[in-house]
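Given chain F, work out where chains C and V should sit, using these hints.
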Amino acid sequence: MAGNIWIIAEAWRGQVSEITFELLALGREVAGQAGAPLEAVLLGSNARELAQKLGAADSVLYADNAALADPVPENFATALAQLIKEKQPAAVLVPLTNLSVDVGVVLAAQLGVPFLNYCKDLKAEGGNLTATCVLYGGKMEATVTASAKPAIIGILPGARPVEQGRSDKAATITDVAVTLAAPKVHFKRYLESEAGDVDITQKDFLVAVGRGIQTKDNLDLAEDLAATLGGAVCGSRPVIDQGWLGLSRQVGKSGMLVKPKLYVMLGISGAPEHVEGMKGSQCIIAVNTDAAAPIFNVAHYGVVGDALEVAPALTEKIKARKG
Amino acid sequence: MSTATASADNGNGVMTLENLAKFPEGQKVYSCMQCGTCAATCPYGEDSEFPPRQIITMLQAGLIEEVFKSSSLLNCVACYACMAKCPRGIRLTEVLLPLVKEQVFAHMTDVPAELQKALQNTLRYGNPMGESPRKRALWTKTSPVPVPVLAEIKRPVDVLWFVECYTSYHPRGQDNSRATAKLFHAAGVDFAILGNEEKCAGECARLLGEKGLFDTLTDYNMKLLRKYPFKRIVTGAAHAYDAFKYQFPAVGFDFELHHTTPFFAQHLDKLKPRLTKKLNYAITYHDSCCLGRHNGFYDEPRALLQAIPGVKLVEMTHTGVNSICCGGGGGGMWLDTYYAAKGYERLSERRVKEALDTGADVLAVSCPYEISRFEDALKVQGGDKRMVVRDVVELLAEALED
Amino acid sequence: MDILVLMKVVPDVVEELEVGSDGKSLDTSFLRTIINERDDHALEQALLLKDKHGGKVTLLTLDAPDIDDVLFTALAKGADRAVKICGVESVQSTQTAVKLFGETIAKTPGLLPVDLILTGVSAIDDLDGLMAAPIAQQLGWPYAGVVTQVALADKTATVIKEFAGGVRGEYEVPTPAVLGIQAAEKPPRYVPVAKVRAAMKSQTIESVDAPAVEAATTVEVQQMAKPQVTGHAEMLEGSPEEVADKICELLAKRGLL
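Protein chains in written order, with this note's numbering: chain F, 1 to 323; chain C, 1 to 402; chain V, 1 to 257.
No wet-lab data here; the hints were simulated from the structure. Don't be surprised by glycine CBs; every beta carbon is placed ideally from N, CA and C. Incorrect hints may have been included.
[To be verified] To give an idea of the chain F side of the interface with chain C (calculated C-beta under 10 Å), a few residues:
| no. | residue |
| --- | --- |
| 1 | D217 |
| 2 | D220 |
| 3 | D224 |
| 4 | G230 |
| 5 | P238 |
| 6 | L308 |
| 7 | P312 |
[What the hints assert, rightly or not] No more than 30 Å apart at the CA atoms, straight line, and that leaves these computed lysine-lysine pairs for DSS-like:
| no. | chain 1 | residue 1 | chain 2 | residue 2 |
| --- | --- | --- | --- | --- |
| 8 | V | K186 | F | K188 |
| 9 | V | K226 | F | K123 |
| 10 | C | K385 | F | K322 |
| 11 | C | K272 | C | K141 |
| 12 | F | K319 | F | K279 |
Pulled out of the complex, with its shape left as it was, chain F reads as follows (with noise of 0.2 Å):
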């Protein structure tokens, strides 16, 4: 395939995020089956010390230009179209993530191509790509080529295990430089989370509630049970949305990333807004009364169940082992 692999880093407050490896992962791969070097291309302010974790990648592209400080899409855009121009690469791999999925867009905008999108997984087979996407809130997957030069595709998190695309290797960094003109759209500040009572990201256990639990009054059993754990209640954003519980306690794609040890959801049926906030965590328990509930596939335990009778119940177990 003529070109190289190229995934787009996500780097955010000072920090390479996660989904930035699991492209990693993921790129490497089908730089392997494509057998071109896999690029990675770091667009920022004074950020060259984290492209040196990009080590996975064969080569890091780094652009430093001040105008690429605040999160612009269109500024990181036209940098990106700027460099694909140059250095032709077969495809560009973009985060689907709040920050960076208007970046894929204009960019594909700026170059006349289609923007693939939800994609979960990719291939390189025969001179093509071959991607699968998710389509219709994950009802249907489809098998998909995409012929455009480059093919623009939006990853969706979770493709590949964030740790498979870590590297102690150093990377090999070259400087590129890019030129931005005055955006027409500015960044003015950034509005932090509300001052919550808890904060969920720190938390060992998390007790999640979904609209199954049908009523606010419900929240009590939760409540009981993440104080029986130690942990502390949660919700997905139909909940949040409700006023049951405030913005802070949201996990979600909108929400918290969390990644407790102890993951339990009550009455979520499993929306993959809500899986990206929470797929991380290192067990996950789910009660949900629809056995075809998508929470299943996601869960390592599973139960078909009444949340409001399951959740009281095992906190009175719970409660008699810990004495």
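Relative to the frame of chain F, chains C and V by itself:
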């Protein structure tokens, strides 16, 4: 019972708040003597800005627009208590409140999320849960006896069984449906259901003020009923019974109609010899608003329960016309979070406290909403180990010989 | 402040989806469509801005079965004008939809000028692109996506974008601009069915002929299938008490108790 409907036509067109006085039932509204019995008997009367008496005051003073701007009518769970107690015989829940609530609903800017979802689901999928209409009759696959579907059998039947939503989709509601099917068979009734074609009768939407949704569903269901030859309609859904009995005649409904509880009471001679299994339960029966206060079926459910060998019937403090509403009518089914946010006591909890006080093992009900409401309330009250909630038909089916 | 809202319908996943006989598209025999949830939020955001600033809200959509219900509902909610692009078979490609919308906006008299074009940031069937950015590119307008709040002032929209961890970003976007809406500031409003019925009687939906556009060809679906259930959870069975016991056992084994 009267068959007066809110939209009865006496030559003055459809009754509205403006032309109320042109209708006999409307004139009665103006006979209100402001005794306040309605407000006192209303389960949320103390929490409401405009209990029925106040609404009539505002109507008489030409200030009814003020009522439309208040959300206090969301507190009305259409329990028929004010109407049952009014010394002037004003048909509040049937005549006045739906007209006012329709306006209140039209003026409402923030419909509580849970309620909004239920209404949108009912319009789109024909059931408030948002389940696939193509799965409405799926429960029949788990029925202990065959449940024929009218579109498939292509022959006239005696009884068209209108199943309704909770009884089609909710796991506990399906228990009710399986029991009902078993009883039809035991009583030798020739019956069939509408299957996936059936849609919600929409009575709760109407009582909430979403008249347009009710009308849309009524148009649909009435057309559907006309498609099939049958003699009479039986439904276990108390709200659907009310819709057919009081609202559907305005669109030409003239079928013989029964609720399952009085229907099976009529068939007790056939059923009783087959009720051979002894159930050693102490049972307390909850009079539902629709079946009890609104339609006067107080004796039939009790007769059925007493026909079961071994059953001991005990009564709660409030029974018959004084029964306490489960809080699920008139949209209350989807307002639990809203009421909780307002700090109101859940009526279902008030009710199960009384039920628990009787010391009974079983709380028997005859409206599909009550199973899940009372089971939840028992859990909250910590009484779910001492008492179970069963529909009258479930108990009968359990007592049937195998 | 005038706003154009672009809406499309997507398969309703309340119904089971099946693969069609060609093995690479949906079986349409039982397919029901529903308004893309995020487009519904875009409409709500437009109506909220209209409530605040006045102006006109115009809807533009691709023709589809039941689309009139969607449009009359939007008109009943307070939108001023509804236009559907007719003569299009069910559009499977977002790239093609972008071209249809873009050409129609540019060529249909009276759709422009507006201060904002709002559309859902994504849809569950967006396989080969998202709508808003390429439309902004065609018009040469600024774009912001994943937007959850919009405030309008003279020639500027201040928007909030959602990032991770509850952190959000505030941006200034010069208008006219195209915004991809993630969620409106309030959930989409309810409109009583009677008002929708009244809208059906009193309002009209305009039709425009679809412009001729080239079909997108660089993304080709080879196969469509229901996802294989892999890595399924180990299921614990029994009464709530039995299940609770089993969970305790496995927590103890993992040293979590």
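Hint by hint, which ones does the structure fall short of? The structure breaks hints 3 and 4; every other hint is satisfied.
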